[in-house]
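Chains as they are written, first to last, in my numbering: chain C, 1 to 125; chain L, 1 to 512.
Don't take every hint at face value.
Said to hold, decoys possible - Pairs of lysine-lysine residues, derived as BS3-like cross-links and limited to a Cα-Cα distance of at most 25 Å, are as follows:
(1) Lys-419/L - Lys-31/C
(2) Lys-46/C - Lys-319/L
(3) Lys-419/L - Lys-319/L
To be verified - If you only want the chain L side, here are some residues facing chain C, beta carbon under 8 Å, derived:
(4) Pro-272
(5) Glu-408
(6) Leu-424
What the hints assert, rightly or not - The calculated label-pair distances, taken between Cβ atoms and stated as ranges, are:
(7) Phe-284/L - Ser-58/C: 36 to 44 Å
(8) Gly-130/L - Val-93/C: 34 to 42 Å
(9) Gly-130/L - Ile-70/C: 31 to 39 Å
(10) Asn-124/C - Ala-418/L: 33 to 41 Å
(11) Thr-287/L - Leu-45/C: 23 to 31 Å
(12) Val-93/C - Lys-329/L: 45 to 53 Å
(13) Asn-124/C - Glu-394/L: 14 to 22 Å
(14) Ser-58/C - Lys-62/L: 42 to 50 Å
Worth flagging that the hints you see were computed from the coordinates, not collected in a lab.
Every residue gets a Cβ at the ideal spot worked out from N, C-alpha and C, and that includes glycine.
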Amino acid sequence: MDRRSFVRLSAYTAAILSLPVDFSCTRKFAKTWAQPLFISHLVDLKTVIAIGQGYRKSVPDENSRLVLYIRLKGHNEWDDEEGLRAALDSLVVTDFLSDRTVTVNGWILSVTEARQCALYSIINA
Amino acid sequence: MHIDARQLPNNSVIEGDICIVGAGAAGISMALEWINTPYKVILLEGGGFEYEAAMQDLYRGKTTGQRYYPLESARLHYFGGTTGHWAGFCSTFEPIDFEKRDWVPHSGWPIKREDLDPFYARAHHNLDLGPYEYSYENWAKTDPTMLSLPFDKESLFNKIWQFSPPTRFGTKYRDTIVKASNIHLYTYANAVDIQANENASSIEQLTVKNLAGKQHTVKAKYFVLACCAIQNARLLLVSNKQAPKGLGNDNDNVGRYFMEHLEIKSAEMWFPRVDPLKLYAIDFAKTKWRAELAITAKKQQEYKILNGTASFTPLDAAKEQPAFIDIWKSSDPNERAKAFDRYGEAEKKIKNKTGYKAYQLFTRMEQAPNPNSRITLETETDALGMPRAMLHWELTMLEKHSLRGIYEIIGKEMGKTAKGRVRLLEYLQDVNDSSWPQFTGGGWHHMGTTRMGTDVKTSVVDSNCKVHSIANLFTAGSSCYVTAAAPNPTLTLVALTLRLSDHLKSVVANRA
Numbered sequence: 001m002d003r004r005s006f007v008r009l010s011a012y013t014a015a016i017l018s019l020p021v022d023f024s025c026t027r028k029f030a031k032t033w034a035q036p037l038f039i040s041h042l043v044d045l046k047t048v049i050a051i052g053q054g055y056r057k058s059v060p061d062e063n064s065r066l067v068l069y070i071r072l073k074g075h076n077e078w079d080d081e082e083g084l085r086a087a088l089d090s091l092v093v094t095d096f097l098s099d100r101t102v103t104v105n106g107w108i109l110s111v112t113e114a115r116q117c118a119l120y121s122i123i124n125a
Numbered sequence: 001m002h003i004d005a006r007q008l009p010n011n012s013v014i015e016g017d018i019c020i021v022g023a024g025a026a027g028i029s030m031a032l033e034w035i036n037t038p039y040k041v042i043l044l045e046g047g048g049f050e051y052e053a054a055m056q057d058l059y060r061g062k063t064t065g066q067r068y069y070p071l072e073s074a075r076l077h078y079f080g081g082t083t084g085h086w087a088g089f090c091s092t093f094e095p096i097d098f099e100k101r102d103w104v105p106h107s108g109w110p111i112k113r114e115d116l117d118p119f120y121a122r123a124h125h126n127l128d129l130g131p132y133e134y135s136y137e138n139w140a141k142t143d144p145t146m147l148s149l150p151f152d153k154e155s156l157f158n159k160i161w162q163f164s165p166p167t168r169f170g171t172k173y174r175d176t177i178v179k180a181s182n183i184h185l186y187t188y189a190n191a192v193d194i195q196a197n198e199n200a201s202s203i204e205q206l207t208v209k210n211l212a213g214k215q216h217t218v219k220a221k222y223f224v225l226a227c228c229a230i231q232n233a234r235l236l237l238v239s240n241k242q243a244p245k246g247l248g249n250d251n252d253n254v255g256r257y258f259m260e261h262l263e264i265k266s267a268e269m270w271f272p273r274v275d276p277l278k279l280y281a282i283d284f285a286k287t288k289w290r291a292e293l294a295i296t297a298k299k300q301q302e303y304k305i306l307n308g309t310a311s312f313t314p315l316d317a318a319k320e321q322p323a324f325i326d327i328w329k330s331s332d333p334n335e336r337a338k339a340f341d342r343y344g345e346a347e348k349k350i351k352n353k354t355g356y357k358a359y360q361l362f363t364r365m366e367q368a369p370n371p372n373s374r375i376t377l378e379t380e381t382d383a384l385g386m387p388r389a390m391l392h393w394e395l396t397m398l399e400k401h402s403l404r405g406i407y408e409i410i411g412k413e414m415g416k417t418a419k420g421r422v423r424l425l426e427y428l429q430d431v432n433d434s435s436w437p438q439f440t441g442g443g444w445h446h447m448g449t450t451r452m453g454t455d456v457k458t459s460v461v462d463s464n465c466k467v468h469s470i471a472n473l474f475t476a477g478s479s480c481y482v483t484a485a486a487p488n489p490t491l492t493l494v495a496l497t498l499r500l501s502d503h504l505k506s507v508v509a510n511r512a
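Taking the hints into account, I'd like the entire structure generated from these sequences.
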């Protein structure tokens, strides 16, 4: 096994090892992680799912519940759902302020809310 | 003074100091400036005082390239010109519109916005507009309910529009012109040929004809072509006795750089709760001022995009409204009124005073000056024997890139302020797609064709609207535009004409 493959496998293993903790966390706040709050006030859930599917198609690397969760979570931890919700809302605005935007099905979105739509589309597939 | 050229003996010779060809917004504005001066001004109008199908037919021509309206529908051929059907939308060009922009090929006027400011103020009077004031902040003081959307002022601004009643020049100024003793208005006097001296450095006379079979000669010291971008170019190209390529066309620029405003539905804006967007709404014939969302010069430069603005229509109504290109097909005032009724009906049907959650964003944007977008002459002639105009309207990738850029900027601003979200329409979603949808249309605005510039190789007229190589020939109106900016052209073309008029007065005075 060459060095590059070893490093890749090690990273993958580390992610798998952390899976039980993260999944328990996602289950706990599952609805919040997968609820793009602002978008859900604009359009119906069918559109949210379509946006989510569109994002997964355009960013195939993130076409998995685990990867989306890891990307959304980053290095942060939340003990309560309200804190998580507020943090996600804040992240959405921060995304726009720092040009972390993506166009999905024509919608100009923050990367965070696009990932939330993607997660929602997986959970509600 | 009014003379019907059909009633004159055939081959009459008409003489004056100044000859203005065309009695629309530009020609009438010019003539008004010369009332009670010691100069005899000849004002030539091809039509009469009312709409006539036979006169409109003289404007018929072919179009190629990007789908366009029938040419005879877009301009009115009678006293008052196209003010007979304009909607009265007025706003100023921005300073950036006059500048050379390295991302916009062929941009850059030889004059600045500040050169036009005093004339804009005077043009307001001609067009029955309010005060010469285009700052949102100042207008908002007059009505605190006109609330702005939230955004970073480095990115967007509220571009103010004022609305003319709209002033119909043919109605409003007819008596003034006819009663002016030194203004000699000739109706049914279509200029069909301009004759220069042997080396085409000076104009000696022009020929007018009418459908009654009469032909006359007009002699003057100075000639001003004010018969719109297409007809100005057509007349110069047709006049090829002394200049084989047409007058002022030594460098093949006459007719080129034809520009329209892209007026096209482009995106949607969605809000979490209803919003009346009163500042951005319009009630035709009632609203005196409103705003459209505009992109700052800084952002235009950063994104390398053309100048454009976005207006709002309730989405449910917009979905019922056909595209302009599908309904603006007739110059007949009755047919046109019917077409506009369809617009009003759609909005009335969904009228809701508290506002809407979703709006369609409609763009009004300049097209990049493009030498391939041009007017040439057709082989077919009109009833007066004059070759018809041929329009090749051509857009570039810059227009599409700019449309996307405009809504990307607006979309980001709505995200930053958590106000709403923007969705691009399908035709803008693929950045590699250079095609235009079937509903792409213009605003019936014709600009360019005798563009202004300092370089004789790339322009037709100088900064005073004088044809470069000809001592006494000027063009007035939007044909002189170098770039089209976002606003409708009428206010600026009247301002530019008033500037030309002042210049011509100084030229005439110095000659005397």
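- Numbered hints the structure breaks, given as an ascending list: Of the numbered hints given earlier, those the structure breaks are 9, 10, 11 and 13, listed in rising order.
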